[in-house]
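Produce the complete structure using the sequences and hints provided.
Those sequence lines, one after another, are chains A and B.
Take 11 as the starting number for the first sequence in the working numbering and just add one per residue.
Take 28 as the starting number for the second sequence in the working numbering and just add one per residue.
If you're looking for bench data, these hints aren't it; they were derived computationally from the structure.
Note that the structure is predicted; figures quoted are calculated from it, not measured.
Don't take each hint at face value.
To give a feel for the contact side, a few chain A residues facing chain B, derived at Cβ under 10 Å [as the list claims (entries may be wrong)]:
{"#": "1", "residue": "Asn15"}
{"#": "2", "residue": "Lys24"}
{"#": "3", "residue": "Arg32"}
{"#": "4", "residue": "Glu241"}
Yeah, the Cβ is synthetic: ideal placement off N, Cα and C, and Gly gets one too.
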Amino acid sequence: MKNMNELSELKNVKAPDGLRERTLSAAREARREDERTYAGHAAPHRRRFGAVKRFAAAACALALALGGWGLWQSGQTGQAPGDVVAEVISNSFGIVAYAADTGETMEPNGGRIVFAAGSGANDGENGFFSGCLFRVTGGNIATVSASIDRGGLYRVETVELGSEDELRDLMFSDTGDTVMGYGTGPDSGIDRYFADIVTKVENGFTDSYDPDVSYGLWAEPKESGGGDMAEEVHGRIDEFDGAELTVTVTFTDGTSETQTMTLHTGRLAVEYVDGEPGPQLTGEVLADGDEGDEGYVYGVYAELN
Amino acid sequence: MQNELRSDAFLSSAMESCGDAVYRLAYCRLGNRADAEDVYQEVFLRLLRDTTDFRDMEHLKAWLLRVALSRCTDMRRSAWFRRTAPPEAAPEAAAPESERYSELWQAVGSLPADQRTAVYLHYVEGYDTDEIAALTGCRPSTVRTRLFRARKKLKLDLEGYDDEEYERAL
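Shown next as structure tokens:
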């Protein structure tokens, strides 16, 4: 393929034969179930086609991946193979860096996570919101708890609002939280408005798990020394050097898992994207004195313990 | 109180006009036929019960694609999904084109999921960056970054018509 426009040929790909008819058939069944329900008849338990099919596919593929372990286990315990598979694959936990200004996540690479720092704020009253954000990923997570032994943490939640007026009202409201907003305008034909609500959290907080919530590194408010702002921010960033960040999740079955990481500060390689005003992290940490192919920013990265 | 469900005629018309786009987007996002078919069915069963008064077919299509993306995201979050095999071969098409589609899907499939979605919606479905931002719930600047990185990742020649189209999309 030599040109991105060749991708438009994929528009000729059609949904498989029979899928439309099967979907219409499922719709008719759904209507019949509704009629039975509202006519006072006991409705059979509704099993979604999609869930049944995925579960069966999961049982087959995982059995292959584990060399038939699931089937062997079920033979020993008398459990159905599907139950064994569900038990093995249920819980998982990971941490990714999150760049709020691009919406990109960056997974750990070689046991290292590089944090973005494009959406921070240094507030003399409320503290230093570094913009170094992370998100928790995984399966069957019920709660998230985190603590850090230097400075603190804050939470960022993105909410969708109904209108530009609602966004404006939220941004100027006195909730004690910091609110940053953005949206697509009427010119695009589709109006959507979002706000990032930023809240300082207590060390060791516990939240109900939400995969779209980010957490960031925070430091105490300090009065500006009046000197070079870049150096001042570097100094604030360096407050996190050597800090230990601990994240614990509790799964829906009551078990928990903890991940700790040691934070470091240094030069993070960047690249410049056409049309964008600022640099974007590549994920590489540069050695002292190395300025990278397209430059660097001074920021925070973590080594997973 | 029982909500009135959409008719077979409505669903059939929606699938006729938009079903292939829903399927392609789900396949692009999830990388396998079985999950794409699941998403297709779940999207139209959700339409069955939805009460939105759609302005026109484009409005309906945007709604369907947003629901499909949301469903794909839910599936991707599950622990099971992260353990699935890499994307399988392209969906079957008419014999002379199947190898071609396979090559194109492989190219798209090599991208991270968010870039893949942006590339698909822009180059296959023809949405501009503002529309993609609204569909995916992110900033237009984020979409532009994803498209830029996708082209860079695919190491394509950026001269000529493709660059002009990109500039128009900004």
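A quick look at each hint next to the structure:
Among the interface hints, the one on Asn15(A) holds; its C-beta lies about 6 Å from the nearest C-beta in chain B, closer than the 10 Å criterion. With its C-beta approaching chain B no nearer than about 5 Å, Lys24(A) sits inside the 10 Å limit, and its interface hint holds. At about 7 Å, the closest approach between the beta carbon of Arg32(A) and any beta carbon in chain B falls short of 10 Å, and the interface hint on this residue holds. Among the interface hints, the one on Glu241(A) is violated; its C-beta lies about 28 Å from the nearest C-beta in chain B, farther than the 10 Å criterion.
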